[in-house]
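Q: Residues per chain are reported as follows:
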Amino acid sequence: MNEAGKVKTVEQLAALIGGRVSGDAQTGIDYVASVGSASAGAVAFVEDQKALESAQDCAASALIVPDGSGERARKIAQKVPAIIEASKPKLAFALIGTILHPRKLREPLIHPTAVVAPGANIALTVYIGPHVSIGENSTIGPGTRIEAGVVVGDNVAIGIDCVLHPNVTLYDEVTIGDNVVLHAGVCVGADGFGYVRDDVGYHKFPQIGTVVIEDDVELGAYSCVDRAALGQTRIGRGTKIDNLVHVGHNCNIGERVVIAAQTGISGSVIIEDDVVIGGQVGFGDHVRVHSGAVIGSKAGVLPGKIVRPGVWWGIPIQPLDEYKRLNAHLSRLPQMREDIKKLRARLQELEEKLSEGTPSLP
Amino acid sequence: MNEAGKVKTVEQLAALIGGRVSGDAQTGIDYVASVGSASAGAVAFVEDQKALESAQDCAASALIVPDGSGERARKIAQKVPAIIEASKPKLAFALIGTILHPRKLREPLIHPTAVVAPGANIALTVYIGPHVSIGENSTIGPGTRIEAGVVVGDNVAIGIDCVLHPNVTLYDEVTIGDNVVLHAGVCVGADGFGYVRDDVGYHKFPQIGTVVIEDDVELGAYSCVDRAALGQTRIGRGTKIDNLVHVGHNCNIGERVVIAAQTGISGSVIIEDDVVIGGQVGFGDHVRVHSGAVIGSKAGVLPGKIVRPGVWWGIPIQPLDEYKRLNAHLSRLPQMREDIKKLRARLQELEEKLSEGTPSLP
Amino acid sequence: MNEAGKVKTVEQLAALIGGRVSGDAQTGIDYVASVGSASAGAVAFVEDQKALESAQDCAASALIVPDGSGERARKIAQKVPAIIEASKPKLAFALIGTILHPRKLREPLIHPTAVVAPGANIALTVYIGPHVSIGENSTIGPGTRIEAGVVVGDNVAIGIDCVLHPNVTLYDEVTIGDNVVLHAGVCVGADGFGYVRDDVGYHKFPQIGTVVIEDDVELGAYSCVDRAALGQTRIGRGTKIDNLVHVGHNCNIGERVVIAAQTGISGSVIIEDDVVIGGQVGFGDHVRVHSGAVIGSKAGVLPGKIVRPGVWWGIPIQPLDEYKRLNAHLSRLPQMREDIKKLRARLQELEEKLSEGTPSLP
Chain V
0 MNEAGKVKTV
10 EQLAALIGGR
20 VSGDAQTGID
30 YVASVGSASA
40 GAVAFVEDQK
50 ALESAQDCAA
60 SALIVPDGSG
70 ERARKIAQKV
80 PAIIEASKPK
90 LAFALIGTIL
100 HPRKLREPLI
110 HPTAVVAPGA
120 NIALTVYIGP
130 HVSIGENSTI
140 GPGTRIEAGV
150 VVGDNVAIGI
160 DCVLHPNVTL
170 YDEVTIGDNV
180 VLHAGVCVGA
190 DGFGYVRDDV
200 GYHKFPQIGT
210 VVIEDDVELG
220 AYSCVDRAAL
230 GQTRIGRGTK
240 IDNLVHVGHN
250 CNIGERVVIA
260 AQTGISGSVI
270 IEDDVVIGGQ
280 VGFGDHVRVH
290 SGAVIGSKAG
300 VLPGKIVRPG
310 VWWGIPIQPL
320 DEYKRLNAHL
330 SRLPQMREDI
340 KKLRARLQEL
350 EEKLSEGTPS
360 LP
Chain C
0 MNEAGKVKTV
10 EQLAALIGGR
20 VSGDAQTGID
30 YVASVGSASA
40 GAVAFVEDQK
50 ALESAQDCAA
60 SALIVPDGSG
70 ERARKIAQKV
80 PAIIEASKPK
90 LAFALIGTIL
100 HPRKLREPLI
110 HPTAVVAPGA
120 NIALTVYIGP
130 HVSIGENSTI
140 GPGTRIEAGV
150 VVGDNVAIGI
160 DCVLHPNVTL
170 YDEVTIGDNV
180 VLHAGVCVGA
190 DGFGYVRDDV
200 GYHKFPQIGT
210 VVIEDDVELG
220 AYSCVDRAAL
230 GQTRIGRGTK
240 IDNLVHVGHN
250 CNIGERVVIA
260 AQTGISGSVI
270 IEDDVVIGGQ
280 VGFGDHVRVH
290 SGAVIGSKAG
300 VLPGKIVRPG
310 VWWGIPIQPL
320 DEYKRLNAHL
330 SRLPQMREDI
340 KKLRARLQEL
350 EEKLSEGTPS
360 LP
Chain L
0 MNEAGKVKTV
10 EQLAALIGGR
20 VSGDAQTGID
30 YVASVGSASA
40 GAVAFVEDQK
50 ALESAQDCAA
60 SALIVPDGSG
70 ERARKIAQKV
80 PAIIEASKPK
90 LAFALIGTIL
100 HPRKLREPLI
110 HPTAVVAPGA
120 NIALTVYIGP
130 HVSIGENSTI
140 GPGTRIEAGV
150 VVGDNVAIGI
160 DCVLHPNVTL
170 YDEVTIGDNV
180 VLHAGVCVGA
190 DGFGYVRDDV
200 GYHKFPQIGT
210 VVIEDDVELG
220 AYSCVDRAAL
230 GQTRIGRGTK
240 IDNLVHVGHN
250 CNIGERVVIA
260 AQTGISGSVI
270 IEDDVVIGGQ
280 VGFGDHVRVH
290 SGAVIGSKAG
300 VLPGKIVRPG
310 VWWGIPIQPL
320 DEYKRLNAHL
330 SRLPQMREDI
340 KKLRARLQEL
350 EEKLSEGTPS
360 LP
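Sequence order for the protein chains is V, C and L.
Mapping of the first sequence onto numbering that gives the first Met the number 0: position 152 corresponds to residue 151, and the numbering continues sequentially without gaps.
Mapping of the second sequence onto numbering that gives the first Met the number 0: position 93 corresponds to residue 92, and the numbering continues sequentially without gaps.
Mapping of the third sequence onto numbering that gives the first Met the number 0: position 198 corresponds to residue 197, and the numbering continues sequentially without gaps.
Rather than coming from a laboratory, the hints here were simulated on the basis of the structure.
Computed from a predicted structure; not experimentally measured.
Be aware that a few hints might be false.
Each pair may be met inside one copy or between any two copies, as identical chains are not told apart.
What the hints assert, rightly or not - In silico BS3-like links for lysine-lysine, alpha-carbon gap of 27 Å or less:
#	residue 1	residue 2
1	49	304
2	74	323
3	89	304
4	74	49
5	323	103
6	323	49
7	341	352
8	7	304
9	7	74
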């Protein structure tokens, strides 16, 4: 439940998401919940007609349903005083969630235990929590919140309205856009993994480039984006990355890309806008993934591969259709062996028959 | 070796684990060691009769051996003054290890550099190390030890006798039971990975639920347990999780589950009690794993899959037996191709013979 | 670009790497860059004759080229005033990078917010940043730099000229050699994952051993090296490990081993010198990998496996050649099914022919 004083009427919420209300439009709503757990004060949602059935015992104060199903909803969910029809119920629910449960607000503060370099440039409305360190010449935009234990290096630029959760590390010279959320322990700008071998061992290839994280990006806990060797590693605007993901040096990740947990991306990979990538996927270096590609969880992409639009699967990746076809073939392997055995037997019989028969022929 | 003053006699230790002593029961023991590296003051163990042979040169002061093999042990391990027979030597050794090498003790303290919110409720016997932050309304139970750099959010409940190793992050409103061990950098309660897409990009689905970590859980370094979208993510009592594991929003992990390193669990997965899961396993969302299932390392479980008791393997998972059978078939592929080739040749020969022969038949 | 005052002449740089200069040897160089992005003051490199063509528009002040191609380089890269011939251009470039872009220097300091135990032994030339904790009896060698938020336990030994990036955690009693680089959040010495099961649940197997990280090792962000149960976990001299790698208890990793991101190594694995391991590889316990082995990304190595020299691939691993052969066989599966079908049809025809023909035979 949200903090006191944040109650909205169903009418107000419906107006914000362009929904149509039936029932008591003045019902007060102060939190979002699932159909099963909602009680008085909650708004819930059902995504489609089929799911409506599950709302029979729903105890929410309002229910968001698909356009055109308001009447049916009122019949099924008889305990719910107000129905909101919306073209995309889940999206409407998400937006209402943002309104009823806004990000935690912190009063502007530089905590006395924080260590801020004299040359750092901190906007007035910034929150800097306990035990934070901010390096020389770094700038932090208005409205940004930096939680306890975060370490910001020198010459770092952080935009407005960002949230850096505890223990994030930003190395020197990286750039973070506006409205970026970095979850606990995100690491931006560590050295890329590049060495040159000679007789005595490995020598570090220069790792002196930068990282740019664009606006509206969210990075999950302990995800790592390495700095470029030379040049820049980039995470494009609106891209969302889950926990424990590795992005190697010089990668160029486009806008609105989604990457699930524990995926690893080697150096110099290009991922174009709107690509969707599952969890635990691995990319060799210099891969290029085109817009429109969807890569299933646990897939493996060989170095240098160009991934065209479509759904991809497996190690190494192949189109999902081919993958399924191959798997169907695999499942028939025992049958094939049986078939070969039978053919051999029949052939043998024929051969024997024929060797009995033939002498008399000529 | 443990700290001075912790010496126990073989007799005392044997009594604690219900073992039977032969030899010098007054021998002093102050640490546990492996058979190969043990010296005076150490107790070692051998798990079974076969392993007893390896104890010939053992220099331990005591040796734990399986019930009934004491006499043989005394003959083989002649340098060892005391033999303890136990029904489960490895378990006995582990328990003695806990006695001789107890967890590090810290005197109760709130380190002057720690930042504790005025409304936090800290038991008297708590240790709070340097640079720790504790948020508003959070409670910490007696005997709990919180190491340097840990960040505890608001409204967090931590039970008694827990250990939070350095740089752990607990987000707001999560609950940690009693006797829980969180290794360095564990992150509990970061937002789940849920978005709703529209034309302009991704909107965050509400991530306003909680996490409950029950008693006797141990989580490895940098493992992440995301908060529920709505509702609760749960790690059941006595469950042990290795390093760098990802547990998604709304997962319900049962009691005494074991999960090895780098495994990733998508949202809303249910894992029942006593399941055993290897390393680098991946789970799609809404999987249910039944009690009695064992899932091998690197396996992949498709979304929505119900995993019955038994041993599972591969991507996607299949019963280990089937997996082995399929692999056997695969290894015979070259032979199958050869077989087909031979059949074709024999058939051709027959056909030729027959086309020579048949004209004369009718 | 590096800090002012670090300009070197081409002549000086060439002398340092044993290169031969043609053109203006007095040209000043102050940073390294790629051929495409270099401008005045930069040195770039091309690795081989083929790549030389790409240097046509190169605006660097110097270009490193392979031995014997100086003359051709001067013809192609006409804007570049100085050419340096070197036997290994990439290695020469890396070494020059180290000279022009040395590691960040920090003046010796113990930051007033750092908490250093009275019994710790800190060399005079050490930098200890904000919010660092150093435990009892730990020693830190000259020239070592410890960035903000690092936590060093008790009885830890850290050598000379190391860099510990922010939020690293070293548990008690681990040993770090000289010239070691630990990136953000590296965790050394957390408990290994070992339990003994009985009727009520899991009991911790003693995790009281240590970790030794030898000289010249580099560990990537959030990589974890667990302490040994009994004995020692070791990372050998000159070994380089990428981000988010897990090294289990009692592993013995040799010298100059390379391990890419997100690889997981179970307990008691031995990896000999000079092995190369890709990303997301998984090792079961008690594996031994011999010098000369190369293991491809995403491979899986079964427990107890002995991996001989050569290139390995797949889950479970097999020699790359065999893997390719098997894959070729797999791709022919549809054809094999077709072949079997055709054989069956031909055989049937023969059988029918023969059954028509045979009655007349006897």
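Q: Hints first: check each against the structure and report whether it holds.
A: Hints and how they fare:
Proximity of residue 49 and residue 304 under a CA criterion of 27 Å is satisfied inter-copy only: 21 Å between copies versus 41 Å inside one chain copy. With identical chains, the CA atoms of residue 74 and residue 323 are never at most 27 Å apart, being 43 Å at best within one copy and 54 Å at best between copies. For the homomeric pair residue 89 and residue 304, the shortest alpha-carbon distance between copies (24 Å) is at most 27 Å, but the shortest distance inside one copy (36 Å) is not. In this assembly of identical chains, the alpha carbons of residue 74 and residue 49 lie at most 27 Å apart only when taken from the same copy (14 Å versus 73 Å across copies).
Proximity of residue 323 to residue 103 under the C-alpha cut-off of 27 Å is found in neither arrangement, the shortest distances being 46 Å within a copy and 52 Å between copies. Proximity of residue 323 to residue 49 under the C-alpha cut-off of 27 Å is found in neither arrangement, the shortest distances being 29 Å within a copy and 41 Å between copies. Taking the closest pair of Cα atoms, residue 341 and residue 352 come within 27 Å of each other both inside a single copy (16 Å) and across two copies (19 Å). Taking CA atoms no more than 27 Å apart as the test, residue 7 paired with residue 304 passes in neither setting, with 52 Å inside one copy and 40 Å between copies.
Taking the shortest Cα distances, residue 7 and residue 74 sit within 27 Å of each other inside one copy (25 Å), while across copies they are farther apart (74 Å).
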